[in-house]
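Colleague: These protein sequences, in sequence, are chains A and B.
For what it's worth, my numbering labels the leading residue of the first sequence as 1, then goes sequentially.
For what it's worth, my numbering labels the leading residue of the second sequence as 1, then goes sequentially.
Because the hints were derived from the structure by calculation, they are not lab data.
Just so we're clear, the structure is a prediction, and the values are computed from it rather than from any experiment.
From the three backbone atoms N, C-alpha and C, an ideal C-beta is built for every residue, glycine too.
Check the hints yourself; a few may be wrong.
As the list claims (entries may be wrong) - Derived list of chain A stretches under chain B, where covered just means 3 residues or more per stretch with a C-beta under 8 Å from a C-beta of chain B:
(1) 87-101
(2) 104-118
(3) 125-134
(4) 188-202
Here's the letter readout for the chains.
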Amino acid sequence: MLKNRSIVSIDDVSQSELEDIFKKADEMSEHLKQGKPLKILDGKIMATFFYEPSTRTRLSFESSMNRLGGSVISVSEAKSSSVAKGETLADTVRMAEGYSDIIVIRHPMEGAAKLAARFSSKPIINAGDGSGQHPTQTIMDLYTIRKELGGINGKTITMVGDLRYGRTVHSLLLALTNYDVKVNLISPEILKIPDHIISRLPKDFNVNVSADFDNALEETDVLYVTRIQKERFTDQNEYLSVIGSYSITPETVEKMKEKSIIMHPLPRIDEISPDVDTSPNAAYFRQASNGVPVRMALISMILG
Amino acid sequence: MEQTLKISKIKDGTVIDHIAAGKALKVLSILKIDEKSNNYSVSIGIRVPSSKMSYKDVIKIENRNLEKFEVDKISLIAPDASISIVKDYEVTQKYTVELPARIVGIVKCHNANCITNVKEPVSSEFTLVSKKPLVIRCNFCERNMSEREILGSL
Ligand SMILES: Nc1ncnc2c1ncn2[C@@H]1O[C@H](COP(=O)(O)OP(=O)(O)OP(=O)(O)O)[C@@H](O)[C@H]1O
Ligand SMILES: [Mg+2]
Ligand SMILES: [Zn+2]
């Protein structure tokens, strides 16, 4: 039962609870398609604290809450208001729980949402903590794979790009250890997956940490592409060469299986050429639109 | 008398025995023996031959009891150490240190970007992942810490 529970890490959600969320998200998708207004969370209030800029995640949470008939209060610049006054996160949360029924937090430091959950009697949802977890993104990624390919077990997932700083790949990779899958990891040396993530994978997990891109493409069911940030490179030429060898073009899609999909947490910069967008394999916009039904499902199960 | 007891007997105090060879100085440093002006004398044996572990370190401290958090710290440095309480030259109590399943407030998280490393009203908190090799995981940022990192943060 997810009722009244905080979701800080993907580990907070059991396999059977995940299945329940997926089913509920299917229902929510149906409601959205039919345009039926829901009153499930009438009178409930969500407070959002984004200590770090976000467009998608924030809009998606706020839209989800509104779609469920609830309302949202938020601090537009959480960073400048409370942190500047030197208030601890623990105090901010204890203030906010008096104003709301559920609290959504994004914070630049790892463990922030966990700390918030310790001090709050109201459920906390982690909307990203530093380079740590982003569980709702992970649930929506898993939901997308399931919806697009009919299931997750037996699939080969290839993650490409910035595997070092991208928290979405860390969360997703850890979540995939609960499934019978093969994972290929492909990145430039300086953006390699950190050891602290690799050390948490089970010994028998089928992961190839130094996969060859072309070989991997042939067997890939899900190509999970992440944003490569210019700021990570001191040398702009190096950035350009990395982008050159890791960007996804129609030629890349040619090498992939017919039924395979390409995912991306968005926003993408140069990693996926716009020519790919019209391909049926391009699932990233469908993936993004899954954010609302998945979050609606989760919120309604926590507050319902 | 056992051959390892080369140091003179203490009347009252604590003996930390079966410390992994070479780790005695680290144990002493967390006990902050040198810091306070104190009235207890300390004898240290480093790499003394031992029947149980071939070589071991041993520390004997006169007039000093160990706090629970100190014993927990010792368990991270020397997981096989045994502690004996000596009263009037006799051992009155003896136990082996034990790595706690939850390690609270004694190790600083190695991840500089962990929320426990800023001004928040929480103690650091870890879960024991593995005894050999020693690995603990931060309950907040979820990062693992290796033995080397732990010894550096005690
Ligand atoms: N009065 C004392 N002064 C200093 N050290 C002592 C004194 N009495 C005992 N010890 C030390 O305390 C430890 C525990 O004493 P005990 O007699 O139980 O040791 P032991 O027979 O060597 O057992 P073990 O090695 O299995 O722990 C030993 O290291 C012993 O040398
Ligand atoms: Mg002995
Ligand atoms: Zn930590």
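Colleague: Take the hints in turn and mark each one as holding or not.
Modeller: Going through the hints against the structure:
| no. | hint | verdict |
| --- | --- | --- |
| 1 | 87-101 | holds (count 3) |
| 2 | 104-118 | holds (count 9) |
| 3 | 125-134 | holds (count 5) |
| 4 | 188-202 | holds (count 3) |
Hint violations for this structure: none, all hints satisfied.
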